[in-house]
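J.: Listed below are the residues making up each chain.
6 protein chains.
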Amino acid sequence: MSREKILIEALPYIREFYGSTMVIKLGGHALVDEATMEDVIKDVVLLRFVGINPVVVHGGGPEITRLMERLGKQPKFVAGLRVTDDETMEIVRMVLVGSVNERIVSLISKHGGKGIGLSGNDGRLIIAEKLRRVRRGDVEEEVDLGWVGEIKAINPEVIKMVVTHGYIPVVSPIAVDEQGNSLNVNADTTAGEIAAALKAKKLIILTDVPGLLRDPRDLSTLISEISRDEARRLIKGGVVESGMLPKLEACVKAASVGVVCHIIDGRKPHSLLLELFTDAGVGTMLR
Amino acid sequence: MSREKILIEALPYIREFYGSTMVIKLGGHALVDEATMEDVIKDVVLLRFVGINPVVVHGGGPEITRLMERLGKQPKFVAGLRVTDDETMEIVRMVLVGSVNERIVSLISKHGGKGIGLSGNDGRLIIAEKLRRVRRGDVEEEVDLGWVGEIKAINPEVIKMVVTHGYIPVVSPIAVDEQGNSLNVNADTTAGEIAAALKAKKLIILTDVPGLLRDPRDLSTLISEISRDEARRLIKGGVVESGMLPKLEACVKAASVGVVCHIIDGRKPHSLLLELFTDAGVGTMLR
Amino acid sequence: MSREKILIEALPYIREFYGSTMVIKLGGHALVDEATMEDVIKDVVLLRFVGINPVVVHGGGPEITRLMERLGKQPKFVAGLRVTDDETMEIVRMVLVGSVNERIVSLISKHGGKGIGLSGNDGRLIIAEKLRRVRRGDVEEEVDLGWVGEIKAINPEVIKMVVTHGYIPVVSPIAVDEQGNSLNVNADTTAGEIAAALKAKKLIILTDVPGLLRDPRDLSTLISEISRDEARRLIKGGVVESGMLPKLEACVKAASVGVVCHIIDGRKPHSLLLELFTDAGVGTMLR
Amino acid sequence: MSREKILIEALPYIREFYGSTMVIKLGGHALVDEATMEDVIKDVVLLRFVGINPVVVHGGGPEITRLMERLGKQPKFVAGLRVTDDETMEIVRMVLVGSVNERIVSLISKHGGKGIGLSGNDGRLIIAEKLRRVRRGDVEEEVDLGWVGEIKAINPEVIKMVVTHGYIPVVSPIAVDEQGNSLNVNADTTAGEIAAALKAKKLIILTDVPGLLRDPRDLSTLISEISRDEARRLIKGGVVESGMLPKLEACVKAASVGVVCHIIDGRKPHSLLLELFTDAGVGTMLR
Amino acid sequence: MSREKILIEALPYIREFYGSTMVIKLGGHALVDEATMEDVIKDVVLLRFVGINPVVVHGGGPEITRLMERLGKQPKFVAGLRVTDDETMEIVRMVLVGSVNERIVSLISKHGGKGIGLSGNDGRLIIAEKLRRVRRGDVEEEVDLGWVGEIKAINPEVIKMVVTHGYIPVVSPIAVDEQGNSLNVNADTTAGEIAAALKAKKLIILTDVPGLLRDPRDLSTLISEISRDEARRLIKGGVVESGMLPKLEACVKAASVGVVCHIIDGRKPHSLLLELFTDAGVGTMLR
Amino acid sequence: MSREKILIEALPYIREFYGSTMVIKLGGHALVDEATMEDVIKDVVLLRFVGINPVVVHGGGPEITRLMERLGKQPKFVAGLRVTDDETMEIVRMVLVGSVNERIVSLISKHGGKGIGLSGNDGRLIIAEKLRRVRRGDVEEEVDLGWVGEIKAINPEVIKMVVTHGYIPVVSPIAVDEQGNSLNVNADTTAGEIAAALKAKKLIILTDVPGLLRDPRDLSTLISEISRDEARRLIKGGVVESGMLPKLEACVKAASVGVVCHIIDGRKPHSLLLELFTDAGVGTMLR
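Protein sequence lines correspond, in order, to chains A, B, C, D, E and F. Going by the working numbering, the first sequence opens with residue 249, and the numbers climb by one from there. Going by the working numbering, the second sequence opens with residue 249, and the numbers climb by one from there. Going by the working numbering, the third sequence opens with residue 249, and the numbers climb by one from there. Going by the working numbering, the fourth sequence opens with residue 249, and the numbers climb by one from there. Going by the working numbering, the fifth sequence opens with residue 249, and the numbers climb by one from there. Going by the working numbering, the sixth sequence opens with residue 249, and the numbers climb by one from there.
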């Protein structure tokens with residue numbers, strides 16, 4: 249394809265996206281592999297060159313586990329959720345806010361952008377309550393997982409302020425409750441809630457698979473577009489694997505207020521740019 | 249003294265300070281003792297009630313040492329400065345940004361304010377270079393202390409943005425160099441540089457002594473007011489004890505652009521309010 | 249009570265009142281006794297130091313009577329209202345606008361504020377019609393008292409303009425009718441109508457008694473708080489004495505649009521400040 | 249002259265004057281004769297119809313004398329200036345502010361404009377000092393005339409505020425000194441100083457003669473245009489009669505900052521409009 | 249009538265019209281006779297002196313016919329409408345936009361105004377469709393007149409922009425269809441539609457007769473004011489002659505949204521000014 | 249080259265050009281060949297999609313010659329300049345403003361943009377004087393070419409207004425003199441002067457050759473970049489062929505105030521986009 253064709257294809261997207269907000273969730277490989285992370289951050293900074301306001305939300309489970317182990321603390325999970333006592337919560341904050349978030353902000357700075365790290369404490373950005381019940385199979389049961397929260401509200405003012413002034417916000421998935429306690433919340437869910445609260449143009453979840461697969465073991469079953477209703481049926485049907493589940497739920501939530509959602513392969517170089525500026529698109533789109 | 253007298257005394261101060269910025273350095277006892285810290289934060293939040301914009305800068309040396317020890321790492325100091333290798337720097341960031349800063353922001357939120365945690369990475373707030381030389385007695389010698397920095401510039405835009413929108417910024421003393429590396433910087437120095445860059449109305453350093461003492465062992469030798477020139481003479485004379493030295497230097501720096509500086513006793517309840525709103529004043533003033 | 253307690257008590261009030269408008273009615277002793285008047289004006293000017301916008305309304309009956317007598321004119325009252333022929337109206341204007349109002353504006357200036365005198369003519373601030381009927385006991389009867397008016401409308405734009413630009417407006421209770429004639433109106437009523445039209449935060453009536461007394465002869469029967477409904481019952485019951493009646497009616501009127509009203513003792517030094525900035529409060533509150 | 253010629257002649261003046269400020273001094277006949285006053289005020293209100301901002305300054309000597317006499321006080325003059333003791337000053341304020349000024353504001357209102365009465369106390373508009381010396385013939389001598397002032401400064405902010413909001417300010421010639429005392433000042437001088445402080449487009453003094461006459465007894469000696477230098481020579485020469493002197497001095501003062509000044513016959517109907525909107529002009533122009 | 253009477257009569261009109269928009273249609277004699285055209289343009293420029301925003305719409309039929317003939321092309325009319333093939337349309341554009349419009353803009357410039365020429369292409373100002381049907385007597389029949397259009401919509405943004413910035417827009421009656429083709433539209437209709445879209449204060453049509461005549465051959469039958477309903481009756485009755493018909497229809501259209509319309513004699517000097525600024529008025533008014 | 253590489257290459261250009269103004273000169277083939285013209289206009293409209301403000305300037309010599317011939321008028325040239333009598337000037341205006349300009353505005357509209365046609369008359373955009381002297385070889389001689397002008401000043405306000413409101417201005421090279429006469433000016437010169445007056449980011453001249461050739465007959469001698477000094481030397485040396493001469497002079501003029509200039513091949517599809525958004529560049533750049 250000739251250069252001018254690619255440009256003529258891209259320019260209308262650039263116009264369409266100018267001034268819009270996009271929430272980008274970084275997780276998995278993109279956090280673990282230094283080179284991939286740097287590539288993704290480069291693309292995020294490029295987005296601001298064409299007037300897009302990126303909002304980064306990151307995860308960090310493996311890093312938390314690693315520090316816990318170094319401090320001689322055995323991680324414990326119930327229904328896929330990390331049991332979070334006081335000391336674990338302190339470790340979670342140190343890893344997410346003090347380590348992962350700081351690292352992303354540094355990289356943004358290194359590539360010519362201006363980042364600002366945020367947690368749910370900052371401007372009471374993410375309000376949550378303790379999680380009281382989880383679903384196992386068909387049964388919902390009461391649990392006490394310590395400082396594990398479910399999000400109740402987003403106060404997006406602080407993100408809007410930061411974005412308006414030309415900064416790229418980087419958000420750690422830590423929430424605050426009414427009493428000022430910190431709570432551990434899921435990063436995909438956080439990204440979905442923030443995208444919804446901002447009425448973002450897009451939510452883009454970078455992950456380690458090509459997108460939503462009808463059969464997780466067969467890459468040829470990639471679903472390139474799915475409706476909200478169909479996604480809800482899949483979720484209810486219990487056929488979505490556990491890693492994809494919160495991602496798909498986050499998309500359904502955000503799409504319900506008009507956010508266009510994409511689950512794409514963060515391992516593929518520049519998948520972010522290809523998704524945004526070419527007709528082809530990659531991964532799975534949900535709207 | 250009657251209520252109305254106290255009010256009539258206070259109202260003109262309130263008018264004078266309305267809309268002004270004050271940098272408040274928290275350290276020592278005020279960080280260690282939970283009740284004292286909560287009292288100080290309550291007063292900080294009250295300041296916003298009367299139109300003052302507080303900017304909090306915190307330290308955290310003992311907390312860093314504690315985590316290093318838990319992780320089996322021996323803290324090492326040269327000329328009072330912490331030798332900071334890669335792993336130590338990671339620990340410093342986790343403790344200052346992920347633990348102490350988050351805790352202060354939580355308390356602000358608990359008492360009705362809206363805080364935002366910042367490090368020198370955020371918006372490239374604090375720019376530093378590696379420290380290459382230290383002074384021991386009369387001799388200046390070359391050193392390599394790892395990621396220990398000296399501040400070269402402050403980009404106060406991010407603080408101004410945060411303050412303008414009604415938030416209380418809480419700053420961790422971590423700087424960034426041109427290559428995007430994090431550096432460990434002194435908290436008192438950071439407070440002084442930020443106060444100068446903001447052309448703050450006041451810099452108030454809360455510490456564990458009543459103020460600057462002519463004889464550190466004799467509380468009756470409190471200096472209630474000192475000029476910049478005299479302070480410089482004391483510093484040169486080598487008679488200022490090591491804990492007070494960076495505080496006094498920070499005041500001299502800030503005062504050189506018109507900031508009125510106070511070193512006051514953070515252990516005394518509400519010393520902040522008494523200093524600001526009564527004719528008496530407490531501690532040592534430098535201008 | 250310690251200084252810091254008083255301050256901690258006062259600061260939230262200062263925040264609450266910042267930017268709000270308060271109508272202050274001066275009458276009786278506060279107009280007659282020079283020292284008291286000067287004290288009150290000092291406090292009014294202090295209010296602007298903490299961001300409050302005071303609006304002063306004054307009376308002046310005794311001063312009018314004095315000049316009438318000097319000019320050889322016998323004052324005549326019907327149902328407590330001054331019969332006002334052309335010449336009397338001219339005297340009323342000269343005394344209120346040319347003498348009392350000017351005196352208050354001078355004192356504001358002397359104590360560092362900037363006042364502006366206004367009458368109902370200025371910007372057609374107070375619109376009235378001739379009073380046609382008065383109530384004596386249970387009977388309403390037709391009267392012709394000359395240029396005595398009842399207020400029909402307030403055009404608060406001129407006050408808002410003055411306040412927005414940092415001036416303290418001082419209002420004389422003179423109204424204007426559709427034909428441009430001047431009318432003599434009650435000062436308490438004027439204060440109540442202006443407070444209502446401005447949707448002021450508070451209406452504070454300074455008078456010569458401690459507040460509303462259940463038994464006017466017994467100071468121990470002070471009513472510290474009263475509801476609008478109860479006030480209306482008292483008024484209907486005919487048990488309110490004639491001096492207090494227009495004050496109470498003014499409060500009921502203003503309170504009906506959300507103004508919090510206070511009738512306090514203007515003879516007590518700094519009662520204004522104590523009412524506003526302490527938990528205790530003085531006099532009678534109606535809301 | 250045909251209607252269209254008059255219009256074509258007038259429209260460029262209307263454009264030229266749009267948005268400009270004009271100080272109009274009312275005195276003599278225009279204050280005494282009700283019909284003339286009403287005609288002048290009608291024209292003043294019309295000026296706002298075409299975007300001109302009129303500022304009215306009035307006199308009132310005869311009215312002051314009348315009230316003094318009614319109150320049994322003998323007016324006394326030295327060098328043409330009214331000796332002003334405390335009681336006289338009180339009478340001056342009552343007459344100028346409470347009577348004449350109020351009357352003009354009422355008439356403005358009656359003819360569809362919105363006036364605001366001002367004295368030198370309002371917003372510290374006119375600052376003066378006690379007059380210490382007067383000139384008699386060639387000799388300057390010390391005097392004590394009581395509360396007679398000479399103007400030291402004008403704070404035009406309050407007039408600008410009023411004008412910006414669409415009101416017509418009406419100014420009484422009363423000044424205030426640093427101690428807050430009221431002082432009696434000359435109305436022509438006041439008009440000239442205000443015109444200068446506002447850098448008005450024009451100063452128009454309405455008087456009882458056709459303009460400046462070379463020979464006061466011979467109307468055919470009207471000077472239709474005079475330079476500042478020539479006016480100064482006339483003043484120095486002592487040939488200007490006493491009523492015209494302060495008018496001419498006021499014009500010289502105002503003209504020195506670029507105000508175009510006119511002394512015109514206030515007894516001639518609509519002389520104001522003819523002066524402003526026709527090529528012919530009336531009276532004497534000084535620039 | 250005295251000068252001052254004329255001024256007093258005119259000033260309220262000037263106030264009333266200040267800031268308002270007036271659409272002025274130039275046709276017939278005013279386009280053909282150089283001196284008349286220059287007089288009209290002078291008056292149009294004068295209008296801006298008193299804050300009126302004139303919008304000029306022009307015709308140009310005779311000029312088009314002349315160029316067609318020079319190029320050896322025979323003009324053809326059906327039902328009074330010019331049959332417009334491709335070549336004719338090109339000629340229409342050249343004459344209206346390149347010749348007549350440019351000439352008017354030059355004259356505006358010559359007399360101190362700033363004009364901007366516009367056609368319906370500019371900012372898609374005038375949207376039309378091909379005319380498909382015409383009315384002959386009582387019968388409506390299908391026609392194909394080539395590029396003759398009927399107006400479907402006006403996009404007045406470009407006119408508003410031009411007016412807001414102090415320019416006088418001059419509009420040629422050429423429209424554009426959805427496919428970007430140019431269409432020939434009636435100038436009176438265009439003026440009426442633009443006046444309606446702008447919700448102009450007035451539409452003034454300059455023509456070669458004194459106004460609407462009840463009997464076109466009898467000047468004494470001038471109708472000085474007519475209601476919309478009556479105008480509609482005349483139109484339906486078929487008694488309006490063909491030149492007046494589109495003018496009257498344009499007025500009915502514009503009047504339906506509150507525009508006051510005038511058909512006046514463009515041959516009479518300064519009829520525009522007399523209509524606007526005197527009580528008398530000239531020609532026919534419709535509202 | 250991969251899609252993502254092309255995008256990564258283009259995005260920084262898009263950022264750099266966002267909000268900037270670019271003057272694009274259309275001439276030669278791009279005006280004659282319908283398909284080429286449409287392609288160029290499509291690209292011009294695309295520029296607005298990425299925040300660039302294009303300003304189009306067009307020529308039209310061959311079209312003028314054609315209409316002159318149809319009207320039986322023999323074109324005459326002196327030193328390459330069209331002798332322009334009154335009738336010729338009228339033809340020039342009709343062709344440029346009424347035909348070529350209208351056609352470009354229509355095409356912009358057809359492709360989704362909003363154009364506005366302008367000539368030098370509009371808002372007195374282009375001020376010129378009659379050309380009095382021309383250079384032939386080394387000799388400068390006096391001439392009278394009729395209405396041929398040389399540009400004296402540009403009033404860019406009207407272009408700025410149009411651009412600010414989102415329109416694409418299309419400018420015909422017709423100027424106006426102080427007396428309001430129209431003058432025929434060179435289109436390349438006009439483009440250069442307008443680019444300079446606007447301090448445009450770029451001036452791009454589309455022509456029928458690949459750029460500036462060292463030897464006009466040898467395409468391999470294309471100069472891809474040239475300094476202003478070198479360009480001046482070429483011009484002085486008399487080796488630039490007559491068609492390229494005004495283009496090169498226009499570039500030198502514009503470059504002297506910082507405009508980056510490009511002479512590119514308008515026959516090559518999308519040369520505009522390739523020049524702007526790829527590292528390669530096409531044609532000749534002068535800065």
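Because the hints were derived from the structure by calculation, they are not lab data. Be a bit skeptical, because a hint or two may be false.
A pair counts as met if it fits within one copy or between any two copies, since identical chains are not told apart.
Think about it this way: if two alpha-carbon atoms lie no more than 27 angstroms apart in a straight line, the pair counts; the simulated DSSO-like pairs of lysine-lysine are [to be verified]: (1) K253 <-> K449; (2) K358 <-> K501; (3) K400 <-> K253; (4) K358 <-> K400; (5) K484 <-> K321; (6) K378 <-> K358; (7) K501 <-> K400; (8) K253 <-> K516; (9) K378 <-> K400; (10) K253 <-> K290; (11) K408 <-> K358.
J.: Taking the hints in turn, state whether each one holds.
T.: Cross-check of the supplied hints:
1. Taking the closest pair of Cα atoms, K253 and K449 come within 27 angstroms of each other both inside a single copy (25 angstroms) and across two copies (25 angstroms).
2. For the homomeric pair K358 and K501, neither the shortest alpha-carbon distance inside one copy (34 angstroms) nor that between copies (29 angstroms) is at most 27 angstroms.
3. Within a single copy, K400 and K253 get their C-alpha atoms no closer than 46 angstroms, and across copies no closer than 37 angstroms, so neither meets the 27 angstroms cut-off.
4. For a Cα distance limit of 27 angstroms, the shortest separation of K358 from K400 across copies, 17 angstroms, qualifies, whereas the shortest one inside one copy, 35 angstroms, does not.
5. Neither within a single protomer nor between protomers do K484 and K321 lie at most 27 angstroms apart by alpha-carbon distance, with minima of 35 angstroms and 49 angstroms respectively.
6. Taking the shortest Cα distances, K378 and K358 sit within 27 angstroms of each other only across copies (17 angstroms), while inside one copy they are farther apart (37 angstroms).
7. When the C-alpha separation of K501 and K400 is checked against a cutoff of 27 angstroms, the pair qualifies only within one copy, where the shortest distance is 13 angstroms, while the shortest distance between copies is 43 angstroms.
8. With identical chains, the CA atoms of K253 and K516 are at most 27 angstroms apart both within one copy (23 angstroms) and between copies (14 angstroms).
9. Proximity of K378 and K400 under a CA criterion of 27 angstroms is satisfied intra-copy only: 10 angstroms inside one chain copy versus 44 angstroms between copies.
10. When the C-alpha separation of K253 and K290 is checked against a cutoff of 27 angstroms, the pair qualifies both within a copy, at 24 angstroms, and between copies, at 13 angstroms.
11. Taking CA atoms no more than 27 angstroms apart as the test, K408 paired with K358 passes in both settings, with 23 angstroms inside one copy and 23 angstroms between copies.
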